[in-house]
Amino acid sequence: MSSVLDSLRSLATVVTSALPCAADLGSLSAPEEAEAARVLGGIRSAVGSSIALLAADIDRKSARELGTDGLAQKNGFTDGAGFLQDLVGIERGEAARLIRVGGMLETAAEAEPDASLGADDAPDAPPEPPQTIEYLAAVAGAWDAPIAVALKHGWLTASQADGLRQGLRVPRPGFEPAWRGATLDLIRDCWTGRWSPEGLARAAKRMRASLDTHTAAQEAQQRYAQRSFRRFIRHSGMVHYDIDLDPESDARFYGPVKQLLSPRFGGPRFTAEDDIAAAKTLEDDPRSNEQLAADTVIDLIQRAVTTDTGDLFKTHEPHVTIAVTTTELRKARAAQDVLSKHHAGDHTSCPGPAFGLTCDGPDQGIAFLDGRDEAITATDALRMICDRGYTPLFFDETGQTIDLGKDQRYFTRTQRRAITKRDGGCMYPGCDRPPEDSEYHHINPWALHPSHRKSEVRDGILLCRRHHKLIHDFVAHVERQRGDYWLHWPGKPPQQLHTKSGVQALIRAERART
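Reading the sequence shown from the start, the letters are residues 1 to 514 in the UniProt record's numbering.
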C-alpha cells in the first residue's frame, strides 16, 4: 500500500472526526463564525490543490492518443474529465476546471522549483516568497506563469486563477509580452480590489479585447454572423421563440424592455414625482417579471407598428451609449478606405502579408456598448453614432471624458452617461451589478461644499442601490487620487475601487503600448 495513500486515509479520519456539527457551529459568535469560515476555506483550498494535481495527472494518462491504454478508457470512460467526475462526484464543468487548475500548479512547480536553494543548505520547507508583483514579474516561463505561481502560494484562489487564465486565453504569436504585462496588472487589481472570480474573468476578457483589437473585431463580426430568430409551436399551443443576438442587436432589443421594467428588475431609484408614482405602480403589479417582460415586448412591437412611442417612454427615450477612445476612432477611419479595397479583392493596402480570401483585413479598432464585456468594431461604432438611438462618449488617454461640471445638485444626463461608461457598473469591491442597476454617488457630498456647488464627472461614481445605501449608513467615503478611487471604510485600511468598463481596459492597453 502506498505511503501517500495511507497518509491521505489517516488525514481523512482525523479531519472528519474534528469537523464541528451544526450545533457546534451555531454556538459561535459572529467574529468566530467569520474566522471558522476562513479556516475551513483554507482547508478546502489545500485539499482542492491536491485533487487538482491528481486531476491533471489522470487527464494526462487518459489522453486520446493513448487509445484503449488510457487510464479513463480502461475504466470505461471516454476521457479524464468523465473519469474524474465519477471518482469525485462532481459536475463535468468542475472536473474540467480541476484539470486546468492542476495544470497551472504543475506549471508553478516548473517555474519555481522548491529545490532552488541547493541540496546541502536547503531547509525542510523553503521560505515563503514575498507577495509582490515584482516577484511574480521575475518568475521564469510563459506569459501565464505568474498566475500559476500566485495560485501555488494562495495569492489567488483556484477560481480566480482559472477565471483569469480563461478570460485572457492564449495570445496570438507576438502578443505574449503584452499578455504577461496584463496578467500582472490584473493580479495587482485583484489584490487591491477584492475581485470575485467572475469579475476577474470579465476584466480579463475586456483586457484581452483591448490588447488584441484586431482579433476582437473579428470576433465581433463572428458574433453578428451567428444571430438567429426561430419560432416553435408547442403541443400545448404556446409559441416558443429562440433568439440569439449579438451585443448591438441585444442593446436595441432588450435595452428598452429593461428600461421600462427597471423598478421590478432592481434598477436605480427615481427622483421625479411622476417617475416615483409610475415605479410604485409597476412594483405593485401582480404579474410576474416574466409576464411583464412578455407583455412589454408585445406592447413595444404594437407601438412600433402604430408609430406611437412617445406616450410609452415619455421623457426617457431609450438610448445606447457607445464608449470609444480617440485612438480606436483613428483606426476605424483609417480602415474604412482599406476595407473598401479589401472587400473588392484588393489586398495591397492590408497590413501584413495578403493571401487573397485568407486576408483578415485592416485593424478596425474596437468600442464597447453599455454593460457589455464583448467589444464591437469601431467602424460599427462610427455607423451607429449616426443613429438617434446611440450616444457616443469619447475618452482621452487619461481615461476621463470631457469635464461636464454644472452649477446644480444632480448630474446631467450627459454626465451620467459619461460616469456610466467610465465605471462600467457598481464600483464597490466584489459587486458585479451592471450600470442599469446602479446609482450616481457624489464622492464630495454636494451639501457640504457650498462654495463649489458643482456636480462634476470626476467626483461621481456608480454604486448599486444596496452599496450606495451601505456607504451612507456607515459613513464611509470615497476619495479620488488623480484618476483612481479609494474606499475609506471606518476602521479598515483604504481599498482601491476598480472599473468594470471595457473602455478603461482599452485605455490601459493603449498606455502599455506607448
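Derived from the structure by calculation, the hints contain no laboratory data. Don't be surprised by glycine CBs; every beta carbon is placed ideally from N, CA and C. Don't take every hint at face value.
DEER-style ranges, computed between Cβ atoms [to be verified]:
| # | residue 1 | residue 2 | range |
| --- | --- | --- | --- |
| 1 | Glu198 | Asp244 | 18 to 26 angstroms |
| 2 | Arg252 | Ser288 | 31 to 39 angstroms |
| 3 | Ala294 | Glu35 | 29 to 37 angstroms |
| 4 | Val239 | Ser288 | 17 to 25 angstroms |
| 5 | Asp244 | Ser288 | 18 to 26 angstroms |
| 6 | Pro177 | Pro129 | 51 to 59 angstroms |
Verification of the supplied hints:
{"no.": "1", "hint": "Glu198 - Asp244: 18 to 26 angstroms", "verdict": "holds (22 angstroms)"}
{"no.": "2", "hint": "Arg252 - Ser288: 31 to 39 angstroms", "verdict": "violated (25 angstroms)"}
{"no.": "3", "hint": "Ala294 - Glu35: 29 to 37 angstroms", "verdict": "violated (48 angstroms)"}
{"no.": "4", "hint": "Val239 - Ser288: 17 to 25 angstroms", "verdict": "holds (18 angstroms)"}
{"no.": "5", "hint": "Asp244 - Ser288: 18 to 26 angstroms", "verdict": "holds (24 angstroms)"}
{"no.": "6", "hint": "Pro177 - Pro129: 51 to 59 angstroms", "verdict": "violated (23 angstroms)"}
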